[in-house]
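A.B. asks: Use the sequences and the hints to build the structure in full.
In case you want the letters, here they are:
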Amino acid sequence: DAMVIQNPRYQVTQFGKPVTLSCSQTLNHNVMYWYQQKSSQAPKLLFHYYDKDFNNEADTPDNFQSRRPNTSFCFLDIRSPGLGDAAMYLCATSRVTRAYNEQFFGPGTRLTVL
Amino acid sequence: DQQVKQNSPSLSVQEGRISILNCDYTNSMFDYFLWYKKYPAEGPTFLISISSIKDKNEDGRFTVFLNKSAKHLSLHIVPSQPGDSAVYFCAAGLFAGYSNASKIIFGSGTRLSIQP
Numbered sequence: 001d002a003m004v005i006q007n008p009r010y011q012v013t014q015f016g017k018p019v020t021l022s023c024s025q026t027l028n029h030n031v032m033y034w035y036q037q038k039s040s041q042a043p044k045l046l047f048h049y050y051d052k053d054f055n056n057e058a059d060t061p062d063n064f065q066s067r068r069p070n071t072s073f074c075f076l077d078i079r080s081p082g083l084g085d086a087a088m089y090l091c092a093t094s095r096v097t098r099a100y101n102e103q104f105f106g107p108g109t110r111l112t113v114l
Numbered sequence: 001d002q003q004v005k006q007n008s009p010s011l012s013v014q015e016g017r018i019s020i021l022n023c024d025y026t027n028s029m030f031d032y033f034l035w036y037k038k039y040p041a042e043g044p045t046f047l048i049s050i051s052s053i054k055d056k057n058e059d060g061r062f063t064v065f066l067n068k069s070a071k072h073l074s075l076h077i078v079p080s081q082p083g084d085s086a087v088y089f090c091a092a093g094l095f096a097g098y099s100n101a102s103k104i105i106f107g108s109g110t111r112l113s114i115q116p
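Chains as they are written, first to last, in the numbering used here: chain A, 1 to 114; chain B, 1 to 116.
Wrong hints could be hidden among the right ones.
Pairs of lysine to any residue residues, derived as SDA-like cross-links and limited to a Cα-Cα distance of at most 20 Å, are as follows [unchecked claim]:
{"no.": "1", "chain 1": "B", "residue 1": "K103", "chain 2": "A", "residue 2": "Q36"}
{"no.": "2", "chain 1": "A", "residue 1": "K44", "chain 2": "B", "residue 2": "Q6"}
{"no.": "3", "chain 1": "A", "residue 1": "K38", "chain 2": "B", "residue 2": "N7"}
{"no.": "4", "chain 1": "A", "residue 1": "K38", "chain 2": "A", "residue 2": "D62"}
{"no.": "5", "chain 1": "A", "residue 1": "K38", "chain 2": "A", "residue 2": "P8"}
{"no.": "6", "chain 1": "A", "residue 1": "K17", "chain 2": "A", "residue 2": "T60"}
{"no.": "7", "chain 1": "A", "residue 1": "K52", "chain 2": "A", "residue 2": "P69"}
{"no.": "8", "chain 1": "A", "residue 1": "K38", "chain 2": "B", "residue 2": "S8"}
{"no.": "9", "chain 1": "B", "residue 1": "K103", "chain 2": "A", "residue 2": "F64"}
Facing chain B, a subset of chain A residues (Cβ under 7 Å, in silico) [claimed, not checked]:
{"no.": "10", "residue": "Q41"}
{"no.": "11", "residue": "A42"}
{"no.": "12", "residue": "P43"}
{"no.": "13", "residue": "L90"}
{"no.": "14", "residue": "E102"}
{"no.": "15", "residue": "F105"}
{"no.": "16", "residue": "G106"}
{"no.": "17", "residue": "P107"}
{"no.": "18", "residue": "G108"}
Okay, the calculated beta carbon distance ranges per label pair [unchecked claim]:
{"no.": "19", "chain 1": "A", "residue 1": "Q41", "chain 2": "B", "residue 2": "N27", "range": "17 to 23 Å"}
{"no.": "20", "chain 1": "A", "residue 1": "N55", "chain 2": "B", "residue 2": "K5", "range": "22 to 28 Å"}
{"no.": "21", "chain 1": "A", "residue 1": "T26", "chain 2": "B", "residue 2": "N7", "range": "36 to 42 Å"}
If you're looking for bench data, these hints aren't it; they were derived computationally from the structure. Remember, predicted model here, so these are calculated numbers, not experimental data. Don't be surprised by glycine CBs; every beta carbon is placed ideally from N, CA and C.
C.D. replies: Here is the structure:
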């Protein structure tokens, strides 16, 4: 089945220790998104890639970076995680069309910062 | 500033009855709206959408109503079933040019519990 896969599902890191979250997709979609979701809050878009073009949200901290080496994979790098970065991180994909932007989500990675 | 608001964090409905989930938005320029459903330990999955030029869209037991003058939309589930118990996110989007990917803005979600 075509899908969006996120690894690991649970990640524990130490305060200030760099961490990388991974997302892969078999849908061959040209857009990949990273969202941060804290408890009982709306998913918040951090950035997205349209093919190789990186689009950062204005309020995304510099601490968050992303890489997309090919169509299938996208990584979220947190350079120096703080306690406030503990959250669920969701990866999503979509095709660029004029139709509704139906996004397909992975199961998420829950990040804990100790 | 939340552009998409779901003011009810939770809702409990008896099995077989109608579930109504509400959503308000502030930006009159949104082109379309979507509802997503999320089970624990899974990512959100697309449920139903509606264009801003329509006032109703129906798909089986799910109907979304849009009231543009009130900047309000609602999701109706009839009849409600135990498997409908989940968190429901309202989202709104703007069409982008062909060189850009459109983005959607989510509400904070409503947890729906269907009681037997």
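A.B. asks: A separate judgement is required for each hint: does it hold in the structure or not?
C.D. replies: For each hint, the structure was consulted:
1. K103(B) x Q36(A): holds, 15 Å
2. K44(A) x Q6(B): holds, 15 Å
3. K38(A) x N7(B): Roughly 17 Å between the alpha carbons, so the hint for K38(A) and N7(B) holds.
4. K38(A) x D62(A): Holds, because 19 Å separates the two Cα atoms, which is no more than 20 Å.
5. K38(A) x P8(A): holds, 18 Å
6. K17(A) x T60(A): The given pair, whose Cα atoms are some 19 Å apart, holds under the 20 Å limit.
7. K52(A) x P69(A): holds, 8 Å
8. K38(A) x S8(B): holds, 17 Å
9. K103(B) x F64(A): holds, 19 Å
10. Q41: Q41(A) check passes; min Cβ-Cβ to chain B is 5 Å, inside 7 Å.
11. A42: With a minimum Cβ separation of about 4 Å from chain B (threshold 7 Å), the hint on A42(A) holds.
12. P43: holds, 5 Å
13. L90: At 6 Å from the nearest chain B Cβ, L90(A) passes the 7 Å test, so the hint holds.
14. E102: holds, 5 Å
15. F105: holds, 3 Å
16. G106: holds, 5 Å
17. P107: This interface hint holds because 5 Å falls under the 7 Å limit.
18. G108: holds, 6 Å
19. Q41(A) x N27(B): 17 to 23 Å: holds, 19 Å
20. N55(A) x K5(B): 22 to 28 Å: Because 25 Å falls inside the window, the suggested range holds.
21. T26(A) x N7(B): 36 to 42 Å: holds, 38 Å
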